[in-house]
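Protein chains in written order, with my numbering: chain A, 179 to 646; chain B, 1328 to 1437; chain C, -9 to 405.
Everything labelled a hint here was simulated from the structure, so no lab data went into it. Careful: at least some of the hints might be erroneous.
Said to hold, decoys possible - Cross-link-like lysine-lysine pairs, in silico, BS3-like; alpha carbons within 25 Å at most:
hint: 1; chain 1: A; residue 1: K461; chain 2: A; residue 2: K374
hint: 2; chain 1: A; residue 1: K241; chain 2: A; residue 2: K208
hint: 3; chain 1: A; residue 1: K242; chain 2: A; residue 2: K208
hint: 4; chain 1: B; residue 1: K1394; chain 2: A; residue 2: K339
hint: 5; chain 1: A; residue 1: K475; chain 2: C; residue 2: K334
hint: 6; chain 1: C; residue 1: K334; chain 2: C; residue 2: K227
hint: 7; chain 1: A; residue 1: K352; chain 2: B; residue 2: K1394
hint: 8; chain 1: A; residue 1: K542; chain 2: C; residue 2: K334
hint: 9; chain 1: A; residue 1: K241; chain 2: B; residue 2: K1394
hint: 10; chain 1: A; residue 1: K579; chain 2: A; residue 2: K542
hint: 11; chain 1: C; residue 1: K8; chain 2: C; residue 2: K99
hint: 12; chain 1: A; residue 1: K242; chain 2: B; residue 2: K1394
hint: 13; chain 1: B; residue 1: K1394; chain 2: A; residue 2: K542
hint: 14; chain 1: A; residue 1: K590; chain 2: C; residue 2: K334
hint: 15; chain 1: A; residue 1: K502; chain 2: C; residue 2: K334
Claimed, not checked - Covered stretches of chain C (in silico footprint by chain A; criterion: 3 or more residues with CB under 8 Å from a CB of chain A, positions within the stretch not fixed):
hint: 16; segment: 327 to 338
hint: 17; segment: 343 to 354
Since we're looking at a predicted model, the values are computed, not measured. Beta carbons: idealized from backbone N, C-alpha and C, even for Gly.
Now for the letters of each chain:
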Amino acid sequence: MKSQAPATVDIGEYQHGFSFPDQSVFKTRKGLDEGVVNAISHAKNEPEWMRQFRLRSLRAFQKKSMPNWGADLSDINFDDLYYYARPTDEQKKSWDDVPAYIKETFERIGIPEAERKFLAGVGAQYDSEVVYHSIKEDLAKKGVIFTDPETAVREHPDVVKQYFGTVIPYLDNKFAALNSAVWSGGSFVYVPKGVKVDVPLQAYFRINARSFGQFERTLIIADEGSFVHYIEGCTAPIYATESLHSAVVEIIALPGSRVRYTTIQNWSNDVYNLVTKRALAHKDATVEWVDGNIGSKRTMKYPSIYLVGEGAHGEVLSIAFAGKGQEQDTGGKAVHAASHTSSIITAKSISKAGGVATYRGLLKVNEGLHDVRSRVVCDALILDERSRSNTFPYMEINSDKVSSEHEARVSKISEEQLFYLQSRGMSEQEASLMIVNGFLDPLVKQLPMEYAVELNRLIELEMEGTVG
Amino acid sequence: MSAAVGTWVRVASEAELVSSMCVTIEGHAVALFRAPEGVFALDDVCSHEYSRLSEGEVWEGEVYCPKHGSRFALATGEVTGLPATQPVRAWPVKIENGEIWIEWQLQKPS
Amino acid sequence: MAERHEPVWMRDLRAKAKERFEAMSWPMTSDEEWRRTDVSGINPLSFAPRSASAAPAGAPTSRVGERNGAAGVLRFESGRLVDSSVSEEWKSRGVRLLSLDEALEEFEKPLSDILDEALDAADDRFGVWHYAAWSHGAFLSVPRGLEIKEPFIMDFSESGDGALSMPHVVVSLGEGARAAVIQRFRGSGDRILCNAGLDLLLSDAAGLDYFEAQDLGSQSLFFRSARARGGRDSSLKHFDAAFGGRLVKTRIETGLAGRGAEAYLDGVYFCREGQHMDLRTVQRHHSPQATSRAYYKGAVASGGRTVYQGLIEVDEGASGTDAYLTNRNLILEAARSDSIPTLKIGNNDVRCSHGSTTGRLNEEEMFYLESRGLARADAREMLVVGYFEDLLARAPELYREGALDRIRSRMALAA
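The shape of chain A in the complex, shown without the other chains:
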């Protein structure tokens, strides 16, 4: 059989093998204790209340135990990580001011192009600190705040104090506690009443220091009647030692607002990606999580929506790709705490070359509610005999006027489809890729175009080696 060169992708664009000698200017010592936490707070010039919050969180982290379920996290050695590093001394406003080596990193993953065409503002993160940040003028005029959380703590303390840690308390789980103690970088977004942000807000992160942890913290507040779409996507170079990424994302969607949060995660295959993401949807608000997990060694992430006001609606769209050596343990949670609410969770996964894709989800309906509708659909494609798929959905319904549906399917690529496509001249690899893209299409369609393109390229790369 004649082998064909891969069709459209320029593989060179996806070399994750590049990295830069560590130019972090300020880095704490390895390991985690009160001294490190105080140093972090001091380096950020934080008010006392935030320092106390970090210390309480540290104590919670030390007390809490590792989860006794989920992906295999036994190789994480907390004492062997650096928890903070800052590459430059001040936040830059213009692209020209950013140091050359950082610019090169971002240019290789495409920020300038994106900035010109699609972006309203970019919070770009290098080794935990936001280095470059610009806010387009009209957004600033509308009163939209898009900055890093450190700046928000200093310049908008009242708003921050009102919401920070209320959706995901530092006691929520061990990794939320860790993040709450050492968080650095991330985004703070506030959209005023009635303002609709037409262009997606984006941010990129990278892990670069050896054995480094990433602990970005994002807080998004959409005031009444507003709309915002936030996109998070990340890449990281390959290192031999483990890397830990433990982020926290809190979203508050006030009455009538709509927030969409899109993630394409493509950490390199030595990263532990343990994220807590949760949204609070008030009356008539809508929150949509679009969550794509392609990379990392272990991911545990279950974007959640708490529907606490009547008329609220929540959606989770999840794609997971588990390749060789990977465990993607993902899903979504919908908690209905008000009547006249609805939720949809759609999860698609592909496992290949021994990878394990697990769906874990919760649908909970409180007592005494009525007119609650929910639907969960999980579809898993297992590409070969070595790979696995698990589905663990939990449904806890405590009211009678509820309609909930849950469906899950596990299958492989259909022989007939493959045969048909091959008979039309496609190689087995091309045919498989086409079928896989078809499987993911309903979700990919929800992504902004350059993400859809990036995702398709990533899938194509992952699929290579499937055959033979």
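Position chains B and C relative to chain A; hints supplied.
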């Protein structure tokens, strides 16, 4: 001892309550808290998942459930922080002669 | 426990189980399978095992020989055998329906293997306790090639306040044999703890229809662990109906261990105020080209709580698996229903899916019936009976009538 309308039940001495403790009335667990604002009583079991509020920390008039951090106002039992979405019952408290009393009212499901 | 004359192998088995029992503690809500059923308020050891000589109140009405068209009958009242008969025809061809203690000697070989394996598989204290202290039971053996249409009836009637009852049933079918069993647990208002076990063994090409119904008193506690194993081209159909008991925790696990094996697990459950039912089904695919289905439908009325946990597990070598799991829950009024259908799939050449829905009676249908002159209570009853209809239609008439009866009486109470 139970009655249709509230009956005052002595549950502990002031000296016994340092910061928080759990008492049982007719098999029902109640958490007592001593805060700068006063002495408060809430149902001990968190409304989110099984966990004891009497083992949680108290900050600024709220108790933080030790398991997942749900917050409840000490005075009213109202939920002030996720992941709990339902309140816990708050019990009226009085202190007389160094003893802590709770107005107990057994509520039967109808 | 009263003195029993048992062969050595059984005494050894009990001793082994007792040792394990002593090393374990009762299940806690931190154990995944017991998360939603809290047994910490129960003191299982406070229930008294019946002594072998104890006679139930009133004389047993045993009529040996009368079977009403059944292939065989075995009846127990409060642990005492009161009726046992098999048709001469089947008996002469090798069918055995005995009380379990009678079978221990004659059937040492199959029974010791089955029960040893079952004890090894027991993974919680109730399961292990059962093998240490089982009190009475039934054994049905059908030799190869025999196909028996009429059902075998096994009836367990339980009474005696504070009594402990641990019945065990074993059914073993030879190659190509086919049989059907209708088994019932019945109780009164007495508070009983019944910790039951069931082992079903199907050789290659064997077929078994097993209909089980539990209607113990509303104060009783019912724990039941059932295991089935089917060889090549075997076909198992297990139907479970749960109506009684204050606390019910059951599990049925079926292992498909031969190419072409089939297992159908059907269940209905109706839970009212004051009841807590936690049911689990497990479909384990060990070999290729096997088919399994689990279809459980429940209704829960005001103040009741149901939990359904289902698992389809497919081993790496089980290509060509076709497995499906469905759970439906009807919530009649303020009640709680949890549904956890899960999948653990290790082979890609499979068709596996599961579905779960939870809802209430259709208001439009209610309105329609009421507008035709039906009182609301009657309309509700009709819709609920209709809800269970598709499952009950698959059961034999005798069994179906009993189930419908229970459903109707519960609707009357729940109205």
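Hint check results:
1. A/K461 - A/K374: Since the Cα atoms of A/K461 and A/K374 sit roughly 18 Å apart, the hinted pair holds (cutoff 25 Å).
2. A/K241 - A/K208: With a Cα-Cα distance of about 20 Å, the restraint between A/K241 and A/K208 holds, given a limit of 25 Å.
3. A/K242 - A/K208: Holds, at about 21 Å.
4. B/K1394 - A/K339: holds, 22 Å
5. A/K475 - C/K334: holds, 20 Å
6. C/K334 - C/K227: Distance of about 22 Å is within 25 Å: holds.
7. A/K352 - B/K1394: With a Cα-Cα distance of about 10 Å, the restraint between A/K352 and B/K1394 holds, given a limit of 25 Å.
8. A/K542 - C/K334: Satisfied, since the Cα-Cα distance of roughly 23 Å is no more than 25 Å.
9. A/K241 - B/K1394: holds, 11 Å
10. A/K579 - A/K542: Status holds; Cα separation ~13 Å.
11. C/K8 - C/K99: Status holds; Cα separation ~22 Å.
12. A/K242 - B/K1394: holds, 9 Å
13. B/K1394 - A/K542: Distance ~18 Å between B/K1394 and A/K542 Cα, so the pair holds.
14. A/K590 - C/K334: holds, 15 Å
15. A/K502 - C/K334: holds, 18 Å
16. 327 to 338: holds (count 12)
17. 343 to 354: Satisfied; 8 residues make the cut.
When held up to the earlier numbered hints, the structure conflicts with none and fits them all.
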